[in-house]
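Visitor: As a plain string of letters, each chain reads:
There are 2 protein chains.
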Amino acid sequence: MTSYIIDKLYDRVEKRGVVCVGLDTALDYVPEHIKNGRTPGEAIFEFNKQIIDSTYDVAACFKVQIAYYEALGIEGLVAYKNTLDYLREKDEIIIADIKRGDIAATAKMYAKAHFEGDFEADFITLSPYMGMDSIEPYLPYLEKGNKGVFSLVRTSNPGAEDIEYLDTTENKKVFEIVADKITEMAKNCVGECGYTAIGGVIGCTHVEEGKKIRANYNNMFFLIPGYGAQGGTAEDVALYLNNGNGGVVNSSRGILLAYKKANKPEEFALCAREEAIKMRDAIRKAVKEA
Amino acid sequence: MTSYIIDKLYDRVEKRGVVCVGLDTALDYVPEHIKNGRTPGEAIFEFNKQIIDSTYDVAACFKVQIAYYEALGIEGLVAYKNTLDYLREKDEIIIADIKRGDIAATAKMYAKAHFEGDFEADFITLSPYMGMDSIEPYLPYLEKGNKGVFSLVRTSNPGAEDIEYLDTTENKKVFEIVADKITEMAKNCVGECGYTAIGGVIGCTHVEEGKKIRANYNNMFFLIPGYGAQGGTAEDVALYLNNGNGGVVNSSRGILLAYKKANKPEEFALCAREEAIKMRDAIRKAVKEA
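Chains as they are written, first to last, in the working numbering: chain A, 1 to 290; chain B, 1001 to 1290.
Hints in this document: simulated from the structure, not taken from any laboratory. Some clues are possibly wrong.
To be verified - The calculated BS3-like cross-link candidates involving lysine-lysine, where the alpha carbons are at most 30 angstroms apart (straight line), are:
(1) Lys81(A) <-> Lys1035(B)
(2) Lys1112(B) <-> Lys35(A)
(3) Lys35(A) <-> Lys1172(B)
(4) Lys49(A) <-> Lys1108(B)
(5) Lys81(A) <-> Lys1211(B)
(6) Lys35(A) <-> Lys8(A)
(7) Lys173(A) <-> Lys1112(B)
(8) Lys1211(B) <-> Lys1278(B)
(9) Lys1181(B) <-> Lys1278(B)
(10) Lys187(A) <-> Lys49(A)
(11) Lys112(A) <-> Lys1278(B)
(12) Lys1172(B) <-> Lys173(A)
(13) Lys1172(B) <-> Lys212(A)
(14) Lys112(A) <-> Lys172(A)
(15) Lys1212(B) <-> Lys211(A)
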């Protein structure tokens, strides 16, 4: 049986808990003492490095949101590359949050871009709007075992109603059809842990829906955004997990900016660690009580 | 009345025809004599420059597919930036084919990334899967008049059936709901030409559908991929236009690799020009006869 990257992620969750640290690092998140004497790209990389060093043993993985780096142009993308390199050197699992969605030759180029070379990550996020041929070009990387994807399925932003929640004449919502199709597609890349190399981005919403989604897509690993800053609670999140695994829960600003609440910019990395631990433990507790 | 970037694009189509030259430049498209003595990034930029110089007066605009550049990492993105800079210096209209799709702060970062700074373009393509709040953050740039977007609406790949063509219980297909919503959203950015700053990516399919889509979304400007290499004919395309305007028709490999059919690598730029003219004239003829 192939050992998949999803097995490594599963193990990390077992050992370290479900927290995914979101490195959505805007320049204005970086404290002054880190910015001083550094270019914007250097400052962001230094901030990320300290956050990584301070949280890796209490986090399952890191999600790097490429938009924040693209916004700084070439310099930002050098900081992005440096951050990925640093995570890889430390053997940390990288989810590149890129939400690319294109087909055929273009999708193959995106696969090359984000599974090889300067921007190599372990997982990438994808958008399925154009259909399953916007996911399928990534399969060769997945079937080799060392790469994975998370397809957008159902998010928790207000706009999710616009397309994802539309009722179709197949008596399913659009997102349920997407989830069914990626489940079918993932049949040839099931890891030893029982989850597949094609995960789903599933935003955290109300209780009944969480239970239903978890039950319906039981071998889909979930990337769950929206904790903290965006409103999801530990109790909500627990329902999207199977005994505390089967998903990772992302927090970006909640962790990166924990120092602002404490008003301790000099200790931003320690504040981030404390916040990650608090989050991990709150979710563990909610899982036990669920 | 504000003059919008869409008015400029409309004027270009009036003067130069509907051809959009797709700069999906893979390194192996570049002839040996251009590669010699150049790094991959330099070779791609030199190839693009010669294609641009040779086609700009017979093309409405240029679409640059970022995936091909991302695949070469930082070096590729420098070639991407250089290509955009070169187009901007020549006052050519740039469509950045990036198909980004994200919400809130992240979408704002993508807007900053691709409407300002190193990667500034005139238009960008977007993916609407997460809903209208993945389009809305770009509106401030659109309403100022100088930027535009094309949202994915209905593509012509086989996978289009998977989501875009799903029948909803509102008696419309998913792509029709998307088209309705972006039409509604675009009401405050209608140009003097009658088209709005939120265009739609509409792949070229069979005749009846083309007529219906054109009639239903009459103030939506279309970005039409799939000409040539992907199978669309001039007659198909004509039905998506209003008297030869209201859309641009992209060809990438058909134009970039025209030299291969002629077996004239030394004359790749001239072959590209001849192919663009042939395409422009074939569509003009089909429009007259439609």
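Visitor: Would the pair lysine 1212(B) and lysine 211(A) pass a check requiring their Cα atoms to be no farther apart than 30 angstroms?
Guide: 42 angstroms, violated
Visitor: Please verify whether lysine 112(A) and lysine 1278(B) have alpha carbons no more than 30 angstroms apart.
Guide: 34 angstroms, violated
Visitor: Quick one, are lysine 35(A) and lysine 1172(B) close enough, alpha carbons at most 30 angstroms?
Guide: 52 angstroms, violated
Visitor: Holds or violated: are the alpha carbons of lysine 35(A) and lysine 8(A) at most 30 angstroms from each other?
Guide: 35 angstroms, violated
Visitor: Is lysine 1112(B) within 30 angstroms of lysine 35(A), Cα to Cα?
Guide: The hint holds at about 21 angstroms.
Visitor: Compare the distance between the alpha carbons of lysine 187(A) and lysine 49(A) with 30 angstroms, and conclude whether the hinted pair is satisfied.
Guide: 37 angstroms, violated
Visitor: Are the Cα positions of lysine 1172(B) and lysine 212(A) separated by 30 angstroms at most?
Guide: Within the cut-off at roughly 27 angstroms; holds.
Visitor: Next pair to validate is lysine 49(A) with lysine 1108(B); report whether the Cα-Cα distance is within 30 angstroms.
Guide: 25 angstroms, holds
Visitor: Is the hinted pair lysine 112(A) and lysine 172(A) satisfied, with a Cα-Cα distance of at most 30 angstroms?
Guide: 34 angstroms, violated
Visitor: Within 30 angstroms, alpha carbon to alpha carbon, are lysine 81(A) and lysine 1211(B)?
Guide: Measuring from Cα to Cα gives roughly 47 angstroms; hence the hint is violated.
Visitor: Under the criterion that the straight-line Cα-Cα distance not exceed 30 angstroms, is the pair lysine 173(A), lysine 1112(B) satisfied?
Guide: 33 angstroms, violated
Visitor: Check the hint pairing lysine 1181(B) with lysine 1278(B) against an upper bound of 30 angstroms on the C-alpha distance.
Guide: Violated. Lysine 1181(B) to lysine 1278(B) sits at ~36 angstroms, over the 30 angstroms cutoff.
Violated hints, in rising order: 3, 5, 6, 7, 9, 10, 11, 14 and 15; the structure is consistent with all others.
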